[in-house]
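> One-letter residues, chain by chain:
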Amino acid sequence: MALLEVKDLEVYYGVICALKGISFEVNEGEIVTLIGANGAGKTTTMQSVVGLIPSKAGSVTFEGKDITKTPCHKIVHLGMTQVPEGRRVFQELSVYENLLMGAYSVKNSSSFKEDLERIYTQFPRLAERKNQIAGTLSGGEQQMLAMGRALMSHPKLLMLDEPSMGLSPLLVDQVFDIIKSINKDGTTVLLVEQNAGKSLAISDRAYVLENGKIVLSGTGEELMASEDVKKAYLGG
Amino acid sequence: MEFIETLISGLSIGSTYAMIALGYTMVYGIAKMLNFAHGDVIMVGGYMIFLTMTALGNPVVGLVAAIIFCTLLGITIEKVAYKPLRGASPLAVLITAIGMSYLLQSMAQMIFGSAPKMVIVADFGNLKLGSLSVPVYTLITLGCSVVIMVILSLFVKYTKVGRAMIAVSEDRGAAQLMGINVNGIITITFAIGSALAAFAGFFMLMKSPSLSNTLGAMPGIKAFTAAVIGGIGSIPGAMVGGILMGVVEAFSLHVPAVAPYTDAIEFIILIVILLVKPTGILGKVRREKV
Ligand SMILES: Nc1ncnc2c1ncn2[C@@H]1O[C@H](COP(=O)(O)OP(=O)(O)OP(=O)(O)O)[C@@H](O)[C@H]1O
Ligand SMILES: [Mg+2]
Numbered sequence: 102m103a104l105l106e107v108k109d110l111e112v113y114y115g116v117i118c119a120l121k122g123i124s125f126e127v128n129e130g131e132i133v134t135l136i137g138a139n140g141a142g143k144t145t146t147m148q149s150v151v152g153l154i155p156s157k158a159g160s161v162t163f164e165g166k167d168i169t170k171t172p173c174h175k176i177v178h179l180g181m182t183q184v185p186e187g188r189r190v191f192q193e194l195s196v197y198e199n200l201l202m203g204a205y206s207v208k209n210s211s212s213f214k215e216d217l218e219r220i221y222t223q224f225p226r227l228a229e230r231k232n233q234i235a236g237t238l239s240g241g242e243q244q245m246l247a248m249g250r251a252l253m254s255h256p257k258l259l260m261l262d263e264p265s266m267g268l269s270p271l272l273v274d275q276v277f278d279i280i281k282s283i284n285k286d287g288t289t290v291l292l293v294e295q296n297a298g299k300s301l302a303i304s305d306r307a308y309v310l311e312n313g314k315i316v317l318s319g320t321g322e323e324l325m326a327s328e329d330v331k332k333a334y335l336g337g
Numbered sequence: 097m098e099f100i101e102t103l104i105s106g107l108s109i110g111s112t113y114a115m116i117a118l119g120y121t122m123v124y125g126i127a128k129m130l131n132f133a134h135g136d137v138i139m140v141g142g143y144m145i146f147l148t149m150t151a152l153g154n155p156v157v158g159l160v161a162a163i164i165f166c167t168l169l170g171i172t173i174e175k176v177a178y179k180p181l182r183g184a185s186p187l188a189v190l191i192t193a194i195g196m197s198y199l200l201q202s203m204a205q206m207i208f209g210s211a212p213k214m215v216i217v218a219d220f221g222n223l224k225l226g227s228l229s230v231p232v233y234t235l236i237t238l239g240c241s242v243v244i245m246v247i248l249s250l251f252v253k254y255t256k257v258g259r260a261m262i263a264v265s266e267d268r269g270a271a272q273l274m275g276i277n278v279n280g281i282i283t284i285t286f287a288i289g290s291a292l293a294a295f296a297g298f299f300m301l302m303k304s305p306s307l308s309n310t311l312g313a314m315p316g317i318k319a320f321t322a323a324v325i326g327g328i329g330s331i332p333g334a335m336v337g338g339i340l341m342g343v344v345e346a347f348s349l350h351v352p353a354v355a356p357y358t359d360a361i362e363f364i365i366l367i368v369i370l371l372v373k374p375t376g377i378l379g380k381v382r383r384e385k386v
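As given, the protein sequences belong to chains G and V, one line each in that order.
Counted from 1, the first sequence has number 320 at position 219 by the working numbering; the numbering is strictly sequential.
Counted from 1, the second sequence has number 316 at position 220 by the working numbering; the numbering is strictly sequential.
So that you can see chain G by itself, here it is in the shape it has in the complex (with noise of 0.2 Å):
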């Protein structure tokens, strides 16, 4: 069974069609990544799948678990977050209130100070920072506290929608490292992307998305020596 199973899912901005049925698996353990160019429906699944944009038809299901009409801090509480595109992060809050917030639906809150440790040592920029308001962080250290943030609930299935949007090449090398280190230690990732290249690199399966619809799948390397996908995202 599927940690993720996503079944024809059909999502309507009034009565534009921004999804047409797409389906979708992602597996315990994996990383698995979308690309697709802009407006092909990215952003507008990821939020579909954690319950903030409500679905036409199809369903959604989380470890056996039908969630498709869950609102979303439930489904946050079943174990799946997302950094949302554009990070997102609290701008009036503290980097420490930032990642107080994201352990809000940690039930035991005698874990805070590891989990707190740990994504201190996982980020040393945000410990550094702990008590910067989180507006004024630079947009790679932005998206480093919306990836701790995140990370501050334990979930079992973590989504990233375009983590590597704005930043140097640089750091754009330190976020897919830190994926991946974050897959090892057991998360499950679901990542979307226009970097196609560098998230194929690291995924295990890989979908590619187009006007609201799935047209090709496989394994990370198949679709990097696929040639449609070389001529679209690879840049040749």
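No wet-lab data here; the hints were simulated from the structure.
Heads up, a few of these hints could be off.
To be verified - Listed next, the in silico PhoX-like pairs over lysine-lysine satisfying Cα-Cα at most 20 Å (straight line):
#, chain 1, residue 1, chain 2, residue 2
1, G, Lys170, G, Lys121
2, V, Lys256, G, Lys214
3, G, Lys170, G, Lys157
4, V, Lys179, G, Lys170
5, V, Lys303, V, Lys213
6, V, Lys256, G, Lys231
7, G, Lys208, V, Lys256
8, G, Lys157, G, Lys108
9, G, Lys175, V, Lys256
10, G, Lys175, V, Lys179
11, G, Lys231, V, Lys253
As the list claims (entries may be wrong) - Below, a sample of chain G positions facing chain V; criterion: calculated Cβ distance under 8 Å:
#, residue
12, Val177
13, Thr182
14, Phe191
15, Leu194
Just so you know, even glycine gets a beta-carbon here, dropped at the ideal spot from N, CA and C.
Let chain G serve as the given structure and place chain V with the ligands on it in line with the hints.
Frame of chain G, contents of chain V with the ligands only:
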């Protein structure tokens, strides 16, 4: 001496405005709506105080009864009238809030009649210090308000629910991704705002015992103005705006030449402040999120 007396009177009026403005600003910040029925919750609280005072004669019991009833009323209004409109156009929500305001006023008139009731909460007399003479109720109002504002500030900054309120006001979607139940936070916000409105009703009846179904109308508008002056959505802003409005009001009423124009002066201050700083004194410019 007169200056100090007027100042204390202004601070006391202002802290009453601040109590009301906090309800407007918290609901605006968190539920993203203007609850125009908020002033009328004060009026309902006033009638609760009237009823309990008539039955039991104890002002403290009256205040507690008003707090409990207003809190439940606020939660009910939100559940029945506003929650079904979550995601509807802001105009629909606004019209509903105005309708709710009329509904409460009309119901009060049907139940209690249109003649004002006299509610003598208690006569505390004056505190005399040398040539200084200050009504004790102003000190009670001021003292209670300061305590409430400090508690509220600590609550928002240091409790889990309080921080969740900040998170929801800043980014509802991201807050949900933390596992925060936004509907629950909105309910708590209405509860707190309405409880503060009950305090405001109590303070107003201590100042002037006449109670009618429009008790909350003008103070509601003044406090809303105060919330906008301070920066709508900002809790410290509502406190600053409320105090500012009260002090201006007291000094303006104190000078016979300008006293008749007091309300106009307060609204002119709103216009001037919005011209200089459109977000209000402590308001922040927020980039719109998608
Ligand atoms: N709130 C909205 N209202 C109407 N249409 C929307 C809305 N959000 C997205 N869309 C449309 O749905 C389609 C998919 O958008 P989505 O944001 O999912 O794309 P994406 O693959 O994440 O793109 P990008 O790579 O630019 O982030 C687009 O055509 C977009 O215009
Ligand atoms: Mg997107």
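> Hint by hint, which ones does the structure fall short of?
none
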